[in-house]
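S.K.: The lines below spell out each chain.
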Amino acid sequence: MEKRSERIVTSTIRIAGSSSILFLMLIFIFLLREGLPTIGEVPLERLAGERWYPIEDLYGILPLISGSLIVTVFSILIALPLGVGTAIYIGEIAPQSVKEVLKPMVEILAGIPSVVLGFIGILVLSPFLRRAFDLATGLTALSGAILLALISIPTIASITEDALYAVPSSYRYAAYALGATQWQTIWGVAIPAARRGILTAVMLGIGRSLGETMAVMMVTGNAPTIFSGLGSFTAPVRTMTATIASEMGEVATGSIHYHVLFFIGILLFIFSLIINITSSTSTERPREEKAQVVS
Amino acid sequence: MRRKTPGIIILFSFILIAGCSTPGSGKEGATGGSADYIENKGSDTLVNLALAWAEAYQGTHPEVRISVTGGGSGTGLTALINGTIDIANASREIKPEEIKTAQEGGFEPVEFIVANDAIAVIVNPQNPVDQLTLEQVSGIFKGEIENWQEVGGEDRPIVKLSRETNSGTHVYFLETVVRLGDSDDPSIFSPDTLLLPSSEGIIAEVQDNPNAIGYDGLGYVTEEVKKVALSPTGEGPYILPSSETVINNQYPISRHLYMYTRGQPQGSEAEYLDWIMSAEAQSIVTELGFVPIASQQ
Numbered sequence: 001m002e003k004r005s006e007r008i009v010t011s012t013i014r015i016a017g018s019s020s021i022l023f024l025m026l027i028f029i030f031l032l033r034e035g036l037p038t039i040g041e042v043p044l045e046r047l048a049g050e051r052w053y054p055i056e057d058l059y060g061i062l063p064l065i066s067g068s069l070i071v072t073v074f075s076i077l078i079a080l081p082l083g084v085g086t087a088i089y090i091g092e093i094a095p096q097s098v099k100e101v102l103k104p105m106v107e108i109l110a111g112i113p114s115v116v117l118g119f120i121g122i123l124v125l126s127p128f129l130r131r132a133f134d135l136a137t138g139l140t141a142l143s144g145a146i147l148l149a150l151i152s153i154p155t156i157a158s159i160t161e162d163a164l165y166a167v168p169s170s171y172r173y174a175a176y177a178l179g180a181t182q183w184q185t186i187w188g189v190a191i192p193a194a195r196r197g198i199l200t201a202v203m204l205g206i207g208r209s210l211g212e213t214m215a216v217m218m219v220t221g222n223a224p225t226i227f228s229g230l231g232s233f234t235a236p237v238r239t240m241t242a243t244i245a246s247e248m249g250e251v252a253t254g255s256i257h258y259h260v261l262f263f264i265g266i267l268l269f270i271f272s273l274i275i276n277i278t279s280s281t282s283t284e285r286p287r288e289e290k291a292q293v294v295s
Numbered sequence: 296m297r298r299k300t301p302g303i304i305i306l307f308s309f310i311l312i313a314g315c316s317t318p319g320s321g322k323e324g325a326t327g328g329s330a331d332y333i334e335n336k337g338s339d340t341l342v343n344l345a346l347a348w349a350e351a352y353q354g355t356h357p358e359v360r361i362s363v364t365g366g367g368s369g370t371g372l373t374a375l376i377n378g379t380i381d382i383a384n385a386s387r388e389i390k391p392e393e394i395k396t397a398q399e400g401g402f403e404p405v406e407f408i409v410a411n412d413a414i415a416v417i418v419n420p421q422n423p424v425d426q427l428t429l430e431q432v433s434g435i436f437k438g439e440i441e442n443w444q445e446v447g448g449e450d451r452p453i454v455k456l457s458r459e460t461n462s463g464t465h466v467y468f469l470e471t472v473v474r475l476g477d478s479d480d481p482s483i484f485s486p487d488t489l490l491l492p493s494s495e496g497i498i499a500e501v502q503d504n505p506n507a508i509g510y511d512g513l514g515y516v517t518e519e520v521k522k523v524a525l526s527p528t529g530e531g532p533y534i535l536p537s538s539e540t541v542i543n544n545q546y547p548i549s550r551h552l553y554m555y556t557r558g559q560p561q562g563s564e565a566e567y568l569d570w571i572m573s574a575e576a577q578s579i580v581t582e583l584g585f586v587p588i589a590s591q592q
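Residue numbers (the working numbering), protein chains in the order written: chain A, 1 to 295; chain B, 296 to 592.
Treat the hints as calculated values from the structure; they're not laboratory data. One thing to keep in mind: the hints can contain errors.
What the hints assert, rightly or not - Under the rule of at most 20 Å between Cα atoms (straight-line distance), these lysine to any residue pairs were calculated in the SDA-like manner:
| id | chain 1 | residue 1 | chain 2 | residue 2 |
| --- | --- | --- | --- | --- |
| 1 | B | LYS395 | A | HIS257 |
| 2 | B | LYS390 | A | THR253 |
| 3 | B | LYS521 | A | HIS257 |
| 4 | B | LYS522 | B | GLU445 |
Unchecked claim - Take a look, some chain A residues computed to stay more than 12 Å from chain B by CB distance:
| id | residue |
| --- | --- |
| 5 | GLY40 |
| 6 | LEU77 |
| 7 | PRO95 |
| 8 | PRO104 |
| 9 | THR140 |
| 10 | TYR171 |
| 11 | ARG196 |
| 12 | ILE277 |
| 13 | SER280 |
What the hints assert, rightly or not - Here's a subset of chain A near chain B, in silico, CB distances under 10 Å, partners left out:
| id | residue |
| --- | --- |
| 14 | PRO54 |
| 15 | GLU56 |
| 16 | PRO63 |
| 17 | SER126 |
| 18 | ARG130 |
| 19 | LEU135 |
| 20 | LEU139 |
| 21 | GLY221 |
| 22 | ALA223 |
| 23 | ILE226 |
| 24 | GLY229 |
| 25 | ALA242 |
| 26 | GLU250 |
| 27 | SER255 |
| 28 | SER272 |
Using N, Cα and C, we set each Cβ at its ideal position, and we do this for glycine too.
Using the sequences and the accompanying hints, generate a full structural model.
M.R.: This is the structure:
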């Protein structure tokens, strides 16, 4: 009886474990099946066009890729210092009592639904930014980037904190023994030792920003403009995710527009695959290093 | 362990049976006509009106249940073609290719004109511009006019707001205003036009931003934004949108609002559509800031 139930549990868990691979394959096959017809239907030079206006059969994806990149890059520029700073404070500096309050707070921030952030973005953030920077409108890449930064900070902070926690205390004791100050120890020893974990954190933060839809759709203005210098950061942009979300409901199944939207989905899938591979290769190396230290 | 497993199997088979039977009964509702459940979806312009109608009708006909959702005219018509709803609301006429897809799906969409709507061009109350010609509005949305100074306003950049492309209002505005009714004109909205997902988003931004210009159905326009008087040519008088100016055809951008059904409606669906054409239902049209159909005849 005991053994039998154990076998059932083991096989159930095995099925559950391998099911994610199955789901991934099914999703990818589905994406390819729905998206690849695009290549036959729309000439490549039109896909690489500069205008996205599907009701007139203009399927230029460049403005959408440009929009996603602008918002993502800018959000990481904001989230990286804040997220890593939060992690350093929680992991290295804050006394236990502060830490106990701060850590759950960061986790709560991670749990706020993005549509709520988007709502705050429309009503508070974008009017504020318009007045503060004298912009033509507050619905810009900048507003989107700030909201995305809020969304990716918890991810970056908690993974960075884990990376810092994994740095052996002996490293820090050695630094103190050499007469280093606390800041010199953090900057010169703890961060370099945790740098691969921090890189992973940033990569996952980028993935989070790239895939986020609702908040971005609400505050970026959704104008399909192409990057044209620094001014693009304070101009409206349209991201790939927002385009799929706002147009998927309208298209007739099997139409060209429908295939192009899935094609954008494939591009997004590839982008996040690249990000995930980069982050997982960067996390594998520290183990080798540790092995060297032990030997 | 052993006792639990059959339980799970029974549970799963229940889910399967439920899953199988739902589409079947849904189809009965969509085509049989005897069902009392009407699914109504589509144009965001019409959604408030359709809701008000559904509420009033259900008050006097408790045996009928009507569910109303928005999403845009294209969304509603697609849902009608796919057979998930009974009545589609649209703020534009059904397109020939949509009729074709419907015929391939085995039914002929039937059109009902249920109300009229005017599109108001709106600006922030601080903006001194009170009137524009249609050509100026077209130039603004095409990106040819980029500063309010060029149309008699202050030295401010113009921020153009539009609904998303799945909105019937967007398509109507493109054809009637941006292209000035010329179907051979290939012009489209300038790429820096902000495409907002909702009417409320447009009103909120115009209310807050003195640079903004937007357009929306008359029924959605609130007191906090300023309606612009329009003139087709610039020679004639500039007309503000209102029920009167739409009914006597003075206001240049007004349109019909439609409902579409899968073939000739029957049973409670037909009764509901008949009621919508009645004076009682059309008085709700007026209450919500739209223009009734009866008064145009």
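S.K.: Could you run down the list of hints and mark each one as holding or not?
M.R.: Going down the list of hints, with the structure as the test:
1. B/LYS395 to A/HIS257: 17 Å, holds
2. B/LYS390 to A/THR253: 16 Å, holds
3. B/LYS521 to A/HIS257: 36 Å, violated
4. B/LYS522 to B/GLU445: Holds. B/LYS522 to B/GLU445 sits at ~19 Å (cutoff 20 Å).
5. GLY40: A/GLY40 clear of chain B: closest Cβ-Cβ about 20 Å, beyond 12 Å.
6. LEU77: 23 Å, holds
7. PRO95: 43 Å, holds
8. PRO104: 33 Å, holds
9. THR140: Answer for A/THR140: violated, closest chain B Cβ roughly 10 Å.
10. TYR171: 49 Å, holds
11. ARG196: 40 Å, holds
12. ILE277: Non-interface label on A/ILE277 holds, nearest chain B Cβ at 33 Å vs cutoff 12 Å.
13. SER280: 35 Å, holds
14. PRO54: 6 Å, holds
15. GLU56: Holds, because the Cβ-Cβ distance from A/GLU56 to chain B comes to roughly 6 Å (cut-off 10 Å).
16. PRO63: 7 Å, holds
17. SER126: 8 Å, holds
18. ARG130: Holds, about 6 Å.
19. LEU135: At 9 Å from the nearest chain B Cβ, A/LEU135 passes the 10 Å test, so the hint holds.
20. LEU139: 6 Å, holds
21. GLY221: 4 Å, holds
22. ALA223: 5 Å, holds
23. ILE226: 8 Å, holds
24. GLY229: 14 Å, violated
25. ALA242: 9 Å, holds
26. GLU250: 3 Å, holds
27. SER255: 9 Å, holds
28. SER272: Since chain B brings no Cβ nearer than about 24 Å to A/SER272, farther than 10 Å, the hint is violated.
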